[in-house]
Amino acid sequence: MNILEERLNQAGDELRDAVDRMPARQAPTPRPLRSALAFATGVATILVLVAIPVWLLSGTGPDDRLIDSTPVEGGVGSGDVFMLPGFVPDGFHLARALLVDVNQRSTSNPADAAGVVLEYLPDGQFGRQAGEPWFLIQVMDRLATVAAIAGQEDLRCFTDEGTEIECYEGPRPSSCTGEPAMAENRMDPEVCMDETEDRTPKSFGGTNVYFRRTTVRDLPAHVVQVEGGDFDLSITTYEGGPVLSEVTGDQVDEEVLLQIANELHHVDAQEFDDMTTAATDTGPTPEEILSDGVVTRSEYQMAGERVVECLTRLGFEARMEPEADGAPSFIVRDDVGSERAFKTCHGRHVGSVERAWADQNAPTPEEEARFYNSVVSCVESEIGEELGEYTGQKDSELLDELLDTRRGTYMRCLEARADQQEP
Amino acid sequence: MEVDDQTDQRHSVAHDPDTPVVGRGESFESFVRREGRRLLGLAYALSGNRTAAEDLTQDALLAAYRNWDEVSVLDNPGGWARKVLANRAVSLIRRRVAEAKGLAALATSRHRSELPELSTDAEWIWREVRRLPKRQTQVLALRYYDQLSLAEIAEVLGCSKETVNTHLRRARKTLTRRLDIPGDHS
Numbered sequence: 001m002n003i004l005e006e007r008l009n010q011a012g013d014e015l016r017d018a019v020d021r022m023p024a025r026q027a028p029t030p031r032p033l034r035s036a037l038a039f040a041t042g043v044a045t046i047l048v049l050v051a052i053p054v055w056l057l058s059g060t061g062p063d064d065r066l067i068d069s070t071p072v073e074g075g076v077g078s079g080d081v082f083m084l085p086g087f088v089p090d091g092f093h094l095a096r097a098l099l100v101d102v103n104q105r106s107t108s109n110p111a112d113a114a115g116v117v118l119e120y121l122p123d124g125q126f127g128r129q130a131g132e133p134w135f136l137i138q139v140m141d142r143l144a145t146v147a148a149i150a151g152q153e154d155l156r157c158f159t160d161e162g163t164e165i166e167c168y169e170g171p172r173p174s175s176c177t178g179e180p181a182m183a184e185n186r187m188d189p190e191v192c193m194d195e196t197e198d199r200t201p202k203s204f205g206g207t208n209v210y211f212r213r214t215t216v217r218d219l220p221a222h223v224v225q226v227e228g229g230d231f232d233l234s235i236t237t238y239e240g241g242p243v244l245s246e247v248t249g250d251q252v253d254e255e256v257l258l259q260i261a262n263e264l265h266h267v268d269a270q271e272f273d274d275m276t277t278a279a280t281d282t283g284p285t286p287e288e289i290l291s292d293g294v295v296t297r298s299e300y301q302m303a304g305e306r307v308v309e310c311l312t313r314l315g316f317e318a319r320m321e322p323e324a325d326g327a328p329s330f331i332v333r334d335d336v337g338s339e340r341a342f343k344t345c346h347g348r349h350v351g352s353v354e355r356a357w358a359d360q361n362a363p364t365p366e367e368e369a370r371f372y373n374s375v376v377s378c379v380e381s382e383i384g385e386e387l388g389e390y391t392g393q394k395d396s397e398l399l400d401e402l403l404d405t406r407r408g409t410y411m412r413c414l415e416a417r418a419d420q421q422e423p
Numbered sequence: 001m002e003v004d005d006q007t008d009q010r011h012s013v014a015h016d017p018d019t020p021v022v023g024r025g026e027s028f029e030s031f032v033r034r035e036g037r038r039l040l041g042l043a044y045a046l047s048g049n050r051t052a053a054e055d056l057t058q059d060a061l062l063a064a065y066r067n068w069d070e071v072s073v074l075d076n077p078g079g080w081a082r083k084v085l086a087n088r089a090v091s092l093i094r095r096r097v098a099e100a101k102g103l104a105a106l107a108t109s110r111h112r113s114e115l116p117e118l119s120t121d122a123e124w125i126w127r128e129v130r131r132l133p134k135r136q137t138q139v140l141a142l143r144y145y146d147q148l149s150l151a152e153i154a155e156v157l158g159c160s161k162e163t164v165n166t167h168l169r170r171a172r173k174t175l176t177r178r179l180d181i182p183g184d185h186s
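Protein sequence lines, in the order shown, are assigned to chains A and B.
Just so it is clear: in the first sequence, position 108 is 108 by the numbering used here, and no numbers are missing.
Just so it is clear: in the second sequence, position 76 is 76 by the numbering used here, and no numbers are missing.
Warning: the hint list may mix true and false statements.
[Said to hold, decoys possible] Covered stretches of chain B, going by a simulated chain A footprint (3 or more residues, C-beta under 8 Å):
(1) 40-48
(2) 133-145
(3) 168-180
These aren't lab readings, by the way, just hints derived from the structure by calculation.
Please read these numbers as outputs of a predicted model, since none were measured by experiment.
For each residue, glycine too, the CB sits at the ideal point set by N, CA and C.
Please model the complete structure; the sequences and the hints are all you need to start from.
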């Protein structure tokens, strides 16, 4: 019996068991989160083309596929991508630290790491907010990443205007990351900078972009400055071999970003893990979130992110997807102990927040009655008959009767009223 | 006169002399006892929401009650109820979506009511099953929740065995990809 068949049978068995054991009422179960580094193939193309971590600028991407990690022969050793800043400006804290594999997916295994991402935000802030300063440090084995992206069978490529193009036409192949570079597993900084200087303005069409060469720690580097973009400045340093480091920031002085780039230093995987694990465990606790008696959507999201961090730290693959109402739901890859780990992490980081969110957002009986009565009025006006009033019981006879006898009209009215209520 | 002539002894129930006899065959109450939970589980597989599942089950049982004279003498009254339930699931799910949209726009949202103790993997699988085209969802729910044979599924859905097989094959292919199962993606 194949794996799918087994899993479907098991899912069926579990459902039958659950139905048999069903109590009169039970608490809701939270479910699946998009990885913080969910990977958008279109944006990935920009990454390939211009070497600026645009995919990081907006946080999560729309693609929720899980891609198997693809080891790239000749990739650098994992130790080469672990770097930490020696200088962090006052007023900033490390809000996010991730290891990413060649597919730009977060991973908990240092041996799989083809890059690291560090996100710094103003103190007291745990999610990036419009108008507030931030900066990112990304270190990556760019050749391994490019090779993995190019190897994806379902890779889709887009122009900067969003038009889909053939991936092997247009500006590719890159001379920076092309065959000679792959063969030697090293990039020629001069070739890469020439290419970036040529391509970057095109990639930010309509925006003023300035490119200049510089040196950082005596290594070749370039600066890209953008006016009116998602970020102000990005400093790319050619660390050697296939490895790049990039310090990207918005509303942070250029001198400050340059100092951060200049004081980046290599560490080993263990040191990186020790430093970042302790430093990122600073998001608001459930107690802090509940302290003002109100749970905001972003607080709920942040609590959800802590669940994923918790699971990732325990070695499980997890992601979060926001539901339409803003509530996070969780997807945890099934593994030995994953269920128990999920219950632990969920209970610790989001359980009480979720209950408070549900309480504060539950519709009042009056709101529900108003909504259904507007639907009943709509049906009345369509059929020219008086039907009575919705009494507040969801499964009232009135609604059942309408569903039975006036199904088409009822559905039309229900959907029309729902659309009218769209914010 | 009640005749409980169901051959499946695992589900048979003792006759309650107070049970009103609705049709010429099995009593309606006996039918509900025997099929109620299975219908509820099928409804959950199709809707992913316990409240909606209870509505659907109620709906299907009500339809069976209203037509009990005809339904009770069928070879497979459970199959008839499954057919009603599977078809109504589509309308009811649409209703739920509209409700959710409307109420969310009133700055309200309801907590989803889920089944307890379903593993995250099972939850994920059923969620992916529900994302499939309607007919494929119905086929998989009847196959893996209700454990029906291809012929039984064909009877419930009113189509041929070959059609069921086609839906099953397409659904498996999509799920293999979506559930990230290594190996056969053909």
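Each hint tested on the structure:
{"no.": "1", "hint": "40-48", "verdict": "holds (count 4)"}
{"no.": "2", "hint": "133-145", "verdict": "holds (count 4)"}
{"no.": "3", "hint": "168-180", "verdict": "holds (count 5)"}
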